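Given the coordinates of chain A, assemble chain B onto it according to the supplied hints.
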Amino acid sequence: MKDKIMMLVFVLVLGSILTGILVAVNWYTTPVISKNEELTVRSTVLQAFGIPFDKNDVDQVFAENVQVKEQDGRKYYVAGAKGIAFAYAGSGLWGPINGIVALNPDLSTLRAVTIIHQEETPGLGSRITEQKYLDQFKGKDFTSGLKLVPPGKSKGNNEVDAITGATLTPKAFLQILNTNLSSTVPAIRQGEKQ
Amino acid sequence: MKQSVKVILNGLWKDQPIFSMVLGICSSLAVSNKVENAIAMGAGVTFALIGTAVLIAALRKLIPGRVRMIAYMIIIATFVIVVDRVLRAGFPDISKAIGPYVGLIITNCILMGRAEAFYVSNGVGLSILDAVFNGLGYSYTLIAVSVVRELLGFGTILGIQIMPATFTKWVIMAMAPGAFFIVSLFIWIMRTISKMDPDKAGGGM
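Residue numbers (this note's numbering), protein chains in the order written: chain A, 1 to 194; chain B, 195 to 399.
Just so you know, the hints here were simulated from the structure itself, not pulled from any lab data.
Values in this document were obtained by computation on a predicted structure and should not be read as measured data.
The beta-carbon is built from N, C-alpha and C at its ideal position, and this holds for glycine as well.
Careful, some of the hints might be misleading.
[Stated by the list, open to error] Below, a sample of chain B positions facing chain A; criterion: calculated Cβ distance under 10 Å:
no., residue
1, I233
2, R279
3, K389
[To be verified] Derived lysine-lysine pairs resembling DSSO-like cross-links, with alpha carbons at most 27 Å apart:
no., chain 1, residue 1, chain 2, residue 2
4, B, K255, A, K171
5, A, K2, B, K255
6, A, K138, A, K69
7, B, K255, A, K4
8, B, K290, A, K75
9, A, K171, B, K363
10, B, K363, A, K132
11, B, K255, A, K132
12, A, K171, A, K193
13, A, K140, A, K69
14, A, K35, B, K290
Chain A with its partners taken away, still in its complex shape (with noise of 0.2 Å):
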C-alpha cells in the first residue's frame, strides 16, 4: 500500500514540475510566435500590393500605407490606389494552402497572389510558389471564375495555365482562389460602398 502512495505522490510531483517547465515556456514564447505570424501575414500583404519593405521595417511600411477593415467578420487590407487584399486559405492537394491576394480598385481584376504556406510535392506542386508561376494571375478577370488550362494554352482574361507534371495542384489552387474569391469579394464590395 505504501509504495503504491509512493508511486502516486511520485507521478503528481513530477506532472507538476514538468507542467510548471511548460507554462513558464508558454508564458514566455506565446507572444514572440504571434508576432512573428503576424509579421508573416503583414509582409505578404505588403509583398502582395507590391509595396517595397526592408524586412527590419515590415511594421512602420504597414503602419504608413494599409489600412485594416472588416466586414461580416471579414478582414481586408486597403491600400489606397494599389487596390485591396485579403486572406484565403483551402485545402491543396497534400495539405492546406492558405496566403494573400491582392485585388485591384475595380474589384473584378486581380493583381497579385502570394503563398504563405503549402505543403505540395517538392519540385513538382510546390511549384506554384514560383514568381513565374504566380506573376500570370496578374490582370486576371475573376468575376466569371478563373480558369485551368493546359501549360501555354492560356489566352482568355480568366484562363490560367496548368504546370507540366502537376496538373493537380494547380486545378486544388485555383479552386481555393475560386472559393475565396467569390466568398469574401462581396462583402468587401459592402463594406467599400459605406
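Chain B only, in chain A's frame:
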C-alpha cells in the same frame, strides 16, 4: 575517465544511433532534405536528450519501476514541446520547414532507448555526456545525408548555390525516395568501414 571515453565512442561510433542501432530512422529520412533543417533537427534532438538525461538520471532512485515508462514519456514530451516552442519563436522559417517532425521527436526511439538503457542506471554527469554524444552521432548522420540530398536535389548547400546554373536538379533527392537511397547507402558504407556484422555476436565490431 576510462568510462567517459567509452561513452563518447559509443555515441559517435560503436552504438551510433543511426547506422549501428538503426534508431531515429523516421526523422532522419524526413528532415534530411536541406542542411539547415538537419542542423535544427539535430540540435533539437540533442537538447531534448540532454534535458531527459538530466532529469531521469537525477530522479533514477526515485522513479518507481512500474511507472518508469510513463515517467520517461512525460519527461521527453515536456522537452520536445520546449524545443518546438523555441523553434517557433526564434526560427519561424525552420520551424515551418520541419513542422510536425519536431513533435515526433517524442516517439524518437533514441530518447526512449537511451533513457531505458543508460540514464536510469547512471549518474547525471555520465548521462549528460552520453546525451551529448548520442545527439552528435544523430546530428552528423543527418547533416551528412542532407549535404548529399540538398546538393543533388537543389544544387545548394545551406541555401548557397554550389552547382553551376546549368545543373539539372535531381528532384527525387528532395523527395522521400532520395532519403531512402542516401540513408541506406550511408548505413552500408559506415557498416562496411566499421566491419560491423549484425549476424555475429556483439555485432562483430
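Okay, the hints, checked on the actual structure:
no., hint, result
1, I233, "violated (19 Å)"
2, R279, "holds (4 Å)"
3, K389, "violated (37 Å)"
4, K255/B <-> K171/A, "violated (60 Å)"
5, K2/A <-> K255/B, "holds (17 Å)"
6, K138/A <-> K69/A, "holds (23 Å)"
7, K255/B <-> K4/A, "holds (16 Å)"
8, K290/B <-> K75/A, "holds (24 Å)"
9, K171/A <-> K363/B, "holds (25 Å)"
10, K363/B <-> K132/A, "holds (18 Å)"
11, K255/B <-> K132/A, "violated (62 Å)"
12, K171/A <-> K193/A, "violated (33 Å)"
13, K140/A <-> K69/A, "holds (24 Å)"
14, K35/A <-> K290/B, "holds (15 Å)"
Hints 1, 3, 4, 11, 12, counting from the list given before, are not met by this structure.
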